[in-house]
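Now for the letters of each chain:
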Amino acid sequence: MSARFSFSTPSTLRLGVLCVALLALLAAAAGLLRPGDPMAMVGPRGLWPLTDGAFPLGTDQLGRDVAAQLLFGARVSLAVGVGAAAVATLIGVGLGAVAGYFGGVADHLLSRLCDYVQTLPSFLLSMVLVAVLAPSIGSVMLAIGLTSWPEIARLTRAEVLRIRNADWVLAARTMGLGHGHILLNHVLPNGIAPVVAMIAAVVAHAVLVEAALAFLGLGDPNLVSWGAMIGNARPLLRTLWYLMALPGLAIFATVMAFTLLGNGLSERLDPRGAAR
Amino acid sequence: MLTIEKLRVTHRTRNGTVLAVDGVDLTLRRGETLGLVGESGCGKSTLARAVMRLTPPASGRILLDGTDVTRLRGRAAAPFTARVQMVFQDPAASLDPRYTVARAIAEPLLPTVRDAAERARRVAALMDDVGLARALADRLPHQLSGGQRQRVAIARAIAPRPDVVVLDEPVSALDVSLQAQVLNLLVDLQERHGLAYLFIGHDIGVVRHMADRVAVMYLGRIVEIGDWSDVVDEPAHPYTRALMAAAPAANPDAGRAATRTVLAGELPSPFAPPPGCAFHTRCPLAVERCRREAPALRDAADGRRVACHLAPAPSAETNPAQTNPTEANNFRPLRRLP
Amino acid sequence: MKANNPLIVVRDLSIAFAGAKAVDGLSFTVAAGEVTALVGESGSGKTVSGLSIAGLAPPEARITGRVTLAGADILGRTPRERRLAGHPAVSMVFQDPQAALNPVLTIGEQIVEAVRADGRTGARAAAARALELLDLVRIPEPGRRFSEYPHRLSGGMRQRVVIALALAASPVALVADEPTTALDVTIQAQILQLLIRLKDELGMALLLITHDLGVVAEAADRVLLMRDGRLLEDRGVRDFFDGPRHPYGRALLAARPGRRTRRGPRPRLADTSAPCLIGGEGSGAC
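Protein chains in written order, with our numbering: chain A, 1 to 276; chain B, 1 to 338; chain C, 1 to 286.
This is chain A alone, in the form it adopts within the complex (with noise of 0.2 angstroms):
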């Protein structure tokens, strides 16, 4: 039942966390490890990674440091992932703890706009909205956001119609207390664990969306993304296949490692996987 993390635990929640930090402390550290602008050409062109140890993992056709992209593509993927999920959570948690806790009306109406959103091809539907809102690291998590938030809802709601019959919740109605209190204080507490599981799916599925979308070129035109990346590698793919597989292999680490601790994360916080 307790959320505490322990080292003792092991595989996949540990796992989880050690990649996911060691992202999240290499795209801080970009700046330091690679100093100066990524866009800025500072090198030969075309140079192949392991052959200068200057450029450790080579320079484009351009002549822009690989690694150096790679670094604060980090930035961008983690921030959308990050950015996007609190989008998707701000939403879906409190739509799905409305809809759950009040039930009725409020219930009914959600369901069918969580079906309508989700009906809805979300890629294009992200596509439309960052042409729409002008492509910027802002529009793009707002895109992705906006369009992962009803599995979030879905499993909110769920959660909360399960407690909120709850003895304690009973106690608490008995007490008068209000129902943000009790919503708030009684119910989401107690039903958070797997959502919270959930949101680090989405920051994975967020990374690959954000991906995509800056491969079609609808991303931040200002900043290095690993999709972008892999965008403007295409017609080199014959000869420098290197520009596409490292910001490829990136993209698989970051989905990964969220995947595991979203993984990780279910297994630890759910009551039933607690007793196994």
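All clues given are correct.
Output of the computed footprint for chain C on chain B, the stretches with three or more beta carbons under 8 angstroms from beta carbons of chain C:
#, stretch
1, 179-189
2, 203-217
3, 243-252
4, 261-269
Across the chosen pairs, the derived CB separations fall in these ranges:
#, chain 1, residue 1, chain 2, residue 2, range
5, A, R162, B, T27, 31 to 39 angstroms
6, B, R298, A, A106, 44 to 52 angstroms
7, B, L63, A, R162, 33 to 41 angstroms
8, B, G16, A, L124, 45 to 53 angstroms
9, B, H11, C, R138, 25 to 33 angstroms
10, C, R197, B, A254, 14 to 22 angstroms
11, C, R138, B, E293, 30 to 38 angstroms
12, B, A120, A, F102, 28 to 36 angstroms
13, B, L54, C, R120, 51 to 59 angstroms
14, C, R152, A, P121, 41 to 49 angstroms
15, C, A123, B, G16, 37 to 45 angstroms
16, C, D271, B, L63, 35 to 43 angstroms
17, C, A72, B, G16, 52 to 60 angstroms
Listed next, the stretches of chain A that the computed footprint assigns to chain B, with coverage defined by at least 3 CB atoms under 8 angstroms from CB atoms of chain B:
#, stretch
18, 167-175
19, 183-191
No lab work stands behind these hints: they were computed from the structure. Note that CB positions come from ideal geometry on N, CA and C, so glycine has one too.
The hints should help you fit chains B and C onto chain A, whose structure is shown.
Leaving out everything else, chains B and C in the frame of chain A:
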């Protein structure tokens, strides 16, 4: 003080609508304990929830000192909410697993006691009152024993200084020794604070120990209500007799299961309650009239009220036509040796 | 109620879990045709004692001592091992009939399965035996109940099915662990009566594990009082209720509600957790 008038509560389920509480009238007087007994599914817990206004009634009224509180909500309800509190059956479920003892007891004080220091003082006094060591203040429910948890739930219920406490099987989840301690505590608190208890139970021994008056429910209706010693020791309604006879004896000389007449059958489906008197399908005394006509709860001997066509009226003159004399002769209160 | 040659003999039974003793040097006997009540509060070791007699103790339990059934040593053997060794069966009835029945199998399928566990009975004979068992536990319309699922039955009916399952192995002894605790009073009385009738009809021994002294007063012939893994009293039921020798037994009787009389004040219920009660006989002045 607390009056329930013609209360009806319905549950809607997939299989149809159930009338869980069917026209119940009850009065709870200041400082008394009213025991409410019946088998599971008889509607006693639903009645408790309706009194706590957790379940809206289909019709009827709940009055607190003459004020109709049935449909009060929000700010208008606030002065009455504190006056009726509840202790649930399972303290492991009725305490928020993430709330410490002190925080749980302080919670009902939040709306009225604004000052945190004053709240802390009240919490400490309440912990003393229910016999909880102050060292337990920072424990979480799972770090407490079953008896300690129920003490926390009781402290929380009496925190807003209520007049009425609804006790929904408060000791059935506890061991014998803890049960005794909690019952003693409830008796002490009642004397100290002049509380009125609506005590819901299925254990006749516990209700016998606690109640001043006892009401017996069967399929959503009250079939008998009166002084505890009359209802428990000399029941008038055939169902009450069966219920009391089924209760385990105090010692082997008072009754042995092997030789006892046990009420046959089980509670009829609440979706299709029998016509007439709901108990006629299991009643050893049932006559034709019971199958046709539902008996009303009316005055019977010793100031009790009984819902049975065959129960003798207070005196023969007041209601000569009501009971057939031969039927009435069959109907002797069952006396059990203590 | 006669037959005093013991069917089950328990000698010096000790059960430990991960070093902690749950049962400590328990010795008693159970006679055929008698109801022996094993009485105690939670944590007294009564349930795990019953489980080990039925051969159902959890594998991590460290069990020492000796339990014989009609002279044969049965301790540490599972019901299957006992059957293969040709020993008579000891069956168990559990507290919660909801949990003891498989929700996805019909009543009939479950009893037929239990009957056929002996590996000798054919499908047709097993079905006939299952109907017979349902009739034995007095389930009305056994033919109809046979093909119904557990959720269709009331709690009392489910407990009857659980008892029928226990009888499928034709046991010589039944261990019933709080068989009436989860039931309503009127149903409780029915089940208790049924168990006693079955004991008499089939000549079984009944070991009734309970915390409820009311059930003991109703049903038991002998009382074994346990606390903290030790046996405190072993006496006839009337003797026990007339006045237990051990202070804990006295306190337990005085802790029961329901002794109130019409006149006079409400009696104070005894506190059985007083530390002076935990020691041996006569220790401490309670």
